[in-house]
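J.: Sequence:
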Amino acid sequence: MEGNSTNLDAAIESLLNVEKQMRLAGDVAGTRKAAIDIVELCYKAGAWKTLNDQIVVLSKRRGQLKQAITAMVQKAMEYIDLTPDMDTRIELIKTLSSVSAGKIYVEIERARLIKRLAKIKEEQGQIDEAADLMQEVAVETFGSMAKTEKIAFILEQVRLCLDRQDYVRAQILSRKISPRVFDADPSK
Numbered sequence: 001m002e003g004n005s006t007n008l009d010a011a012i013e014s015l016l017n018v019e020k021q022m023r024l025a026g027d028v029a030g031t032r033k034a035a036i037d038i039v040e041l042c043y044k045a046g047a048w049k050t051l052n053d054q055i056v057v058l059s060k061r062r063g064q065l066k067q068a069i070t071a072m073v074q075k076a077m078e079y080i081d082l083t084p085d086m087d088t089r090i091e092l093i094k095t096l097s098s099v100s101a102g103k104i105y106v107e108i109e110r111a112r113l114i115k116r117l118a119k120i121k122e123e124q125g126q127i128d129e130a131a132d133l134m135q136e137v138a139v140e141t142f143g144s145m146a147k148t149e150k151i152a153f154i155l156e157q158v159r160l161c162l163d164r165q166d167y168v169r170a171q172i173l174s175r176k177i178s179p180r181v182f183d184a185d186p187s188k
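Residue numbers (the UniProt record's numbering): 1 to 188.
These are calculated hints, taken from the structure and not from any lab test. There could be a bad hint or two in this list.
[To be verified] Below 35 Å or equal to it, Euclidean Cα-Cα: the simulated DSBU-like pairs (lysine-lysine) are: (1) K49 with K60; (2) K119 with K60; (3) K147 with K66; (4) K147 with K75; (5) K176 with K150; (6) K49 with K33; (7) K119 with K66; (8) K33 with K60; (9) K150 with K103; (10) K176 with K115; (11) K94 with K20; (12) K44 with K20; (13) K103 with K49; (14) K115 with K103; (15) K147 with K176; (16) K20 with K33; (17) K150 with K121; (18) K115 with K49.
[To be verified] Restraint-style ranges between C-beta atoms, simulated for each label pair: (19) K20 with Y167: 51 to 61 Å; (20) D81 with G102: 22 to 32 Å; (21) Q165 with N7: 48 to 58 Å; (22) R62 with S178: 35 to 45 Å; (23) Q74 with K49: 14 to 24 Å; (24) Y167 with D9: 51 to 61 Å.
Quick reminder that beta carbons are idealized off the backbone N, C-alpha and C, glycines included.
Hey, can you work out the whole structure from these sequences and the hints?
T.: Rendered as structure tokens:
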């Protein structure tokens with residue numbers, strides 16, 4: 001196992017150097033590929049802690065390209081359901097959520113991550129925490145999110161507020177959806 005760990009570290013170090021060269025040269029495709037390769041390498045090695053660490057490291061690099069962060073977050077999101085246990089899954093979701101916080105180009109991914117984390121919290125019986133998580137995300141301001149997904153997200157926020165008997169907030173949230181939306185033809 002020790003030899004495997006050093007091989008992984010060496011491979012990551014090598015890819016980080018490639019990523020740095022590509023990033024400094026302004027090569028979008030090369031930087032994106034290097035970032036995705038690092039994420040895939042950690043996943044294939046089953047090194048979940050290293051995966052989380054590398055996601056944070058790559059996202060904080062000076063002058064990191066938006067496309068690289070977007071690709072890395074999307075790739076890592078594919079691995080959420082493949083985590084070995086719930087703690088690892090929650091940790092990965094939290095890492096991706098913190099990396100995507102405040103970045104408009106990964107706002108949809110962050111909303112989806114928060115929704116998944118809230119679902120997990122709700123399944124664990126932590127309704128208040130789930131509702132608080134969902135309230136953090138103001139999806140009505142997301143221009144790039146599909147209208148149906150926005151509505152589903154807001155309805156989920158309303159449901160969680162009703163579950164914790166926060167009727168005032170549920171009323172406020174429900175006003176964010178126009179009643180005409182439900183009359184519209186779903187084929188459009």
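J.: Compare the structure with each hint and give your call.
T.: Hint check:
1. The straight-line distance between the Cα atoms of K49 and K60 is roughly 17 Å, inside the 35 Å bound, and the hint therefore holds.
2. For the hint pairing K119 with K60, the CA-to-CA distance comes to about 28 Å; that is within 35 Å, so the pair holds.
3. Of the supplied pair hints, the one linking K147 and K66 holds, its CA atoms being roughly 24 Å apart against a limit of 35 Å.
4. Among the hinted pairs, K147 with K75 is consistent with the structure: their alpha-carbon atoms are about 24 Å apart, no more than 35 Å.
5. Between K176 and K150 the alpha-carbon distance is near 10 Å, which keeps this suggested pair within the 35 Å criterion.
6. For the hint pairing K49 with K33, the CA-to-CA distance comes to about 21 Å; that is within 35 Å, so the pair holds.
7. Proximity of K119 to K66 is assessed by CA-CA distance (about 28 Å); at most 35 Å being required, the pair is judged to hold.
8. For the hint pairing K33 with K60, the CA-to-CA distance comes to about 17 Å; that is within 35 Å, so the pair holds.
9. The hinted pair formed by K150 and K103 meets the criterion: a straight-line CA distance of about 18 Å does not exceed 35 Å.
10. Using a Cα cut-off of 35 Å, the hinted pair K176 and K115 holds, with the two alpha carbons roughly 18 Å apart.
11. Taken as a hint, the K94 and K20 pair is honoured in the structure, with Cα atoms around 25 Å apart against an allowance of 35 Å.
12. Under the criterion of a C-alpha separation no larger than 35 Å, the hint pairing K44 with K20 is consistent with the structure, at around 22 Å.
13. Of the pairs offered as hints, the one joining K103 and K49 holds, with about 23 Å between alpha carbons and a cut-off of 35 Å not exceeded.
14. Pair hint K115 plus K103 holds up; C-alpha atoms about 17 Å apart against a cutoff of 35 Å.
15. Of the supplied pair hints, the one linking K147 and K176 holds, its CA atoms being roughly 12 Å apart against a limit of 35 Å.
16. As the CA atoms of K20 and K33 are separated by approximately 12 Å, the hinted pair is consistent with the 35 Å bound.
17. Of the pairs offered as hints, the one joining K150 and K121 holds, with about 21 Å between alpha carbons and a cut-off of 35 Å not exceeded.
18. Taking the CA atoms of K115 and K49, the gap is near 22 Å; set against the 35 Å cutoff, the hint holds.
19. Separated by about 53 Å at the C-beta atoms, K20 and Y167 satisfy the suggested range of 51 to 61 Å.
20. Look at D81 against G102: about 26 Å separates their beta carbons, and that is inside 22 to 32 Å.
21. A hinted range of 48 to 58 Å holds for the C-beta pair Q165 and N7, which are about 54 Å apart.
22. Look at R62 against S178: about 44 Å separates their beta carbons, and that is inside 35 to 45 Å.
23. Checked against the hint of 14 to 24 Å, the pair Q74 and K49 passes, with Cβ atoms roughly 21 Å apart.
24. The hint said 51 to 61 Å for the Cβ distance between Y167 and D9, and at roughly 53 Å that hint holds.
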